[in-house]
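Let the hints inform the model, and build the full structure from the sequences given.
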Amino acid sequence: MAALARGITGVVVWRPWQHWRGPRGFPLTPLASAGAKAKAKGAAQEPLQRPEVCADPAVLATHAVGVNYRKEGAEVALKDDADYPEWLFQMYIGPPKKLEELDPETPEYWRLLQRLNTQHRNKLRKNRKF
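In terms of the UniProt record's numbering, the sequence shown opens at residue 1 and continues consecutively.
In short, the hints are calculated from the structure, not lab data.
For clarity, every value in this text was computed on a predicted model and none was experimentally measured.
Where hints are given, some of them may not hold.
[Said to hold, decoys possible] Derived DSSO-like pairs: lysine-lysine, alpha-carbon spacing no greater than 27 Å straight-line: (1) 98 with 129; (2) 97 with 123; (3) 98 with 123.
[Claimed, not checked] Taking CB as the label site, the calculated pair distances span: (4) 100 with 130: 31 to 39 Å; (5) 66 with 115: 25 to 33 Å; (6) 50 with 101: 34 to 42 Å; (7) 90 with 65: 20 to 28 Å; (8) 89 with 130: 47 to 55 Å; (9) 90 with 115: 21 to 29 Å; (10) 73 with 113: 38 to 46 Å; (11) 52 with 94: 28 to 36 Å; (12) 88 with 61: 29 to 37 Å.
Note that CB positions come from ideal geometry on N, CA and C, so glycine has one too.
In structure tokens, the structure reads:
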């Protein structure tokens, strides 16, 4: 069933899509209403389960535990260091460097400077009265 709506000029406008559109033109979510009905009927929900913690040192030394995103299957086995690219071992994995620690000739310095300036401008704009 289509809906009639009064436009800005006061003329009644035929809007056949109005029955499947929500307020302000956003689409309706029929799945959300169906889920609410299922909850109201007392449908049993599956409780969330935490992943199992592996404490076996032999498995932890040879496998990347928790990296496999599939539900079934074995954990990903670690390979020899020669099988991985060299840049992997040269990556910096420590805490983020400060601006004073970086060389001004590198792109990382300028990216960090831009980010800090943007954060500073946003902080000043947040405190404006108007």
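Outcome of range test on Cβ distance (residue 89, residue 130; 47 to 55 Å): Given about 53 Å between the Cβ atoms, the range holds.
Should the hint that residue 90 and residue 115 are 21 to 29 Å apart at their CB atoms be regarded as holding? The hint (21 to 29 Å, Cβ to Cβ) holds, given that residue 90 and residue 115 are roughly 23 Å apart.
Is residue 97 within 27 Å of residue 123, Cα to Cα? holds, 22 Å
Please work out if residue 98 and residue 123 have their alpha carbons no farther apart than 27 Å. holds, 19 Å
Could you check the hint for me, namely that residue 88 and residue 61 are 29 to 37 Å apart, CB to CB? Check failed, 19 Å falls outside 29 to 37 Å.
Would you check the hint for residue 98 and residue 129, treating anything up to 27 Å between C-alpha atoms as holding? violated, 32 Å
Just to be sure I understand the hint, the distance between the Cβ atoms of residue 100 and residue 130 should be within 31 to 39 Å; is that true here? Between residue 100 and residue 130, where Cβ atoms are some 36 Å apart, the hint holds.
Range hint compliance [Cβ, residue 90 to residue 65, 20 to 28 Å]: The hinted range 20 to 28 Å holds for residue 90 and residue 65, with Cβ atoms some 25 Å apart.
Evaluate the given range 28 to 36 Å for the C-beta pair formed by residue 52 and residue 94. holds, 30 Å
Using the C-beta atoms of residue 66 and residue 115, is the stated range 25 to 33 Å upheld? holds, 31 Å
Holds or violated: 34 to 42 Å for the Cβ distance of residue 50 and residue 101? holds, 38 Å
Has the hinted range 38 to 46 Å been met by the Cβ atoms of residue 73 and residue 113? Between residue 73 and residue 113, where Cβ atoms are some 45 Å apart, the hint holds.
Hint compliance for this structure: hints 1 and 12 are broken, all remaining hints hold.
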